[in-house]
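Peer 1: Sequence:
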Amino acid sequence: MSAISVTQLSEYIKKIIKEDYILKKVKVEGEISNISRRGNGHCYFTLKDDKSTLKCVVWRYSETDTELLKEGVLLQVSGNITVYPSSSSYQMIVSHIEQKDMGSIYLELEKRKKTLQQEGLFERTHKKSLPKYPFKIGVVTSEHGAAIRDIIKTIKRRYPVADIFLAPCSVQGVDAPSEIIRGIKELDKMDMDILIIGRGGGSFEELNAFNDEEVVRAVYECKTPIISAVGHEVDTLLTDFAADIRAATPTAGAELSTPNILDILKQLENYKKFMEDNFSYFIFGESKQLAYLFEQLNFHNPIKNLQRQKEKLSQLKVRFISKFDLWIKSEKHKMASLKLKLDLLNPKAILDKGYSMVFDMNNSLVKDVREISLEQKLNVQLSSGNISVVVTGVEEVKNGIEL
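So the mapping is simple: my numbering equals the position in the sequence shown, first residue as 1, plus 3.
A hint or two may mislead.
As the list claims (entries may be wrong) - With a straight-line Cα cutoff of 16 angstroms, these simulated EDC-like cross-link-like pairs (lysine to aspartate or glutamate) come out: (1) K54 <-> E32; (2) K131 <-> D196; (3) K135 <-> D247; (4) K51 <-> E32; (5) K130 <-> E224; (6) K114 <-> E216; (7) K116 <-> D215; (8) K117 <-> E216.
What the hints assert, rightly or not - Have a look at the derived ranges for each label pair, beta carbon to beta carbon: (9) R40 <-> Y87: 18 to 26 angstroms; (10) R63 <-> L110: 34 to 42 angstroms; (11) F302 <-> L341: 44 to 52 angstroms; (12) W330 <-> V383: 44 to 52 angstroms; (13) Y284 <-> F138: 32 to 40 angstroms; (14) H336 <-> Q312: 29 to 37 angstroms; (15) P171 <-> S90: 28 to 36 angstroms.
Read the hints as simulated data drawn from the structure, not as lab findings. Predicted model only: the values in this text are computed from it and were never measured. Think of the CB as a built atom: it goes at the ideal place given N, C-alpha and C, for glycine as much as any other residue.
Whole structure, please, built from the sequences with the hints as guidance.
Peer 2: Quick look at the structure:
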């Protein structure tokens, strides 16, 4: 067999492909990537699966709607295959673009959801509580997307003391599930307080990595409390069910993961005021108790007690002397009064006035003339002395009349 040139081979392959009935109108399903819209209106992109890639082009004059073309979206494209001999490559000239049959996708998703639910991956008893004050927050998302910017901004605004650890990954496309799983496992080993997985909103196909069964299992098996924060409106993302907490957006996830530093400062201020008030009350009460104890100590002090007793004795002495003086004066007054009475009743005082007292020989005072008889001897006591007399006559006086 004689050799042919490279060009001859390329032209031969081009002819075979061009004349192949199947390749004239073929429908291929795959994930969109490497979209390039040129200034001349042509649109180039790559259709891929987990093993192969296919270069595609939509000419500007085609009526095909290129708005469906988005990175990571799973689409079905129709067209014919052509060969470029100069580069020995082939590509698809796309004539029609359509989304994959969504009915079958949703049925598959519901089946997967039911299976995982029956295995207990969505049970509330498995949910972990979020720590109130996290200091290490792990984030599994794209390092270039708006989601990580929103998360960082929100955490720094609400709770700047927390450290943020990013495990960058694709959030859509064929590689997204494995990269998300790797990020979850890496951060879970780093002793995080909370994990946030997510991305901004997108179409069903763009969010499909978060419906991947292995991703859901990784979320369930994560030992760190995890928040699923995918910005979407539908409620069919399976990571939402497996996660400990579901947030509607990455920003909401950041808010759920952190307390507000302003609330903490306000609470601390309230605690401070409470402690100051109670401390002041405590100090006031203890000061009163201390003053009372000091007063009791002073009161029971032996030296001071002796001083008080000495003062009390001195006061009693003064009172005793004062009362004794009053008693002496009173007694002197009584004695003077009695003396006066005695002086008035003293027979001698009567005798000094010229009176006399008559006694019989028995020394008895003669009070009545009827007690005297003639020739009776009597003693007469005068102020200046005594006189012995003999009765020579008796005269009785009655009512002042001599008898």
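Peer 1: Work down the list of hints and note, for each, if the structure agrees.
Peer 2: Verification of the supplied hints:
Between K54 and E32 the CA atoms are separated by roughly 13 angstroms; this keeps the pair inside 16 angstroms, and the hint holds. Between K131 and D196 the CA atoms are separated by roughly 11 angstroms; this keeps the pair inside 16 angstroms, and the hint holds. A threshold of 16 angstroms between alpha carbons decides the hint, and for K135 with D247 the separation of about 14 angstroms falls inside it, so the pair holds. A threshold of 16 angstroms between alpha carbons decides the hint, and for K51 with E32 the separation of about 8 angstroms falls inside it, so the pair holds.
Taking the CA atoms of K130 and E224, the gap is about 11 angstroms. The hint holds against a cut of 16 angstroms. A threshold of 16 angstroms between alpha carbons decides the hint, and for K114 with E216 the separation of about 11 angstroms falls inside it, so the pair holds. Taking the CA atoms of K116 and D215, the gap is near 10 angstroms; set against the 16 angstroms cutoff, the hint holds. A distance of roughly 11 angstroms separates the Cα atoms of K117 and E216; the hinted pair therefore holds under the 16 angstroms criterion.
For R40 and Y87, the hinted distance range of 18 to 26 angstroms is satisfied, since their beta carbons lie about 20 angstroms from each other. At roughly 37 angstroms, the beta-carbon separation of R63 and L110 lies within the given 34 to 42 angstroms, and the hint holds. Our hint of 44 to 52 angstroms for F302 and L341 holds, since their Cβ atoms are close to 51 angstroms apart. At roughly 45 angstroms, the beta-carbon separation of W330 and V383 lies within the given 44 to 52 angstroms, and the hint holds.
The hint said 32 to 40 angstroms for the Cβ distance between Y284 and F138, and at roughly 35 angstroms that hint holds. Hint check: H336 to Q312, Cβ distance near 35 angstroms, so the stated range 29 to 37 angstroms holds. About 34 angstroms separates the C-beta atoms of P171 and S90, a value consistent with the hinted range of 28 to 36 angstroms.
When the structure is compared with the earlier hints, no violation turns up for any of them.
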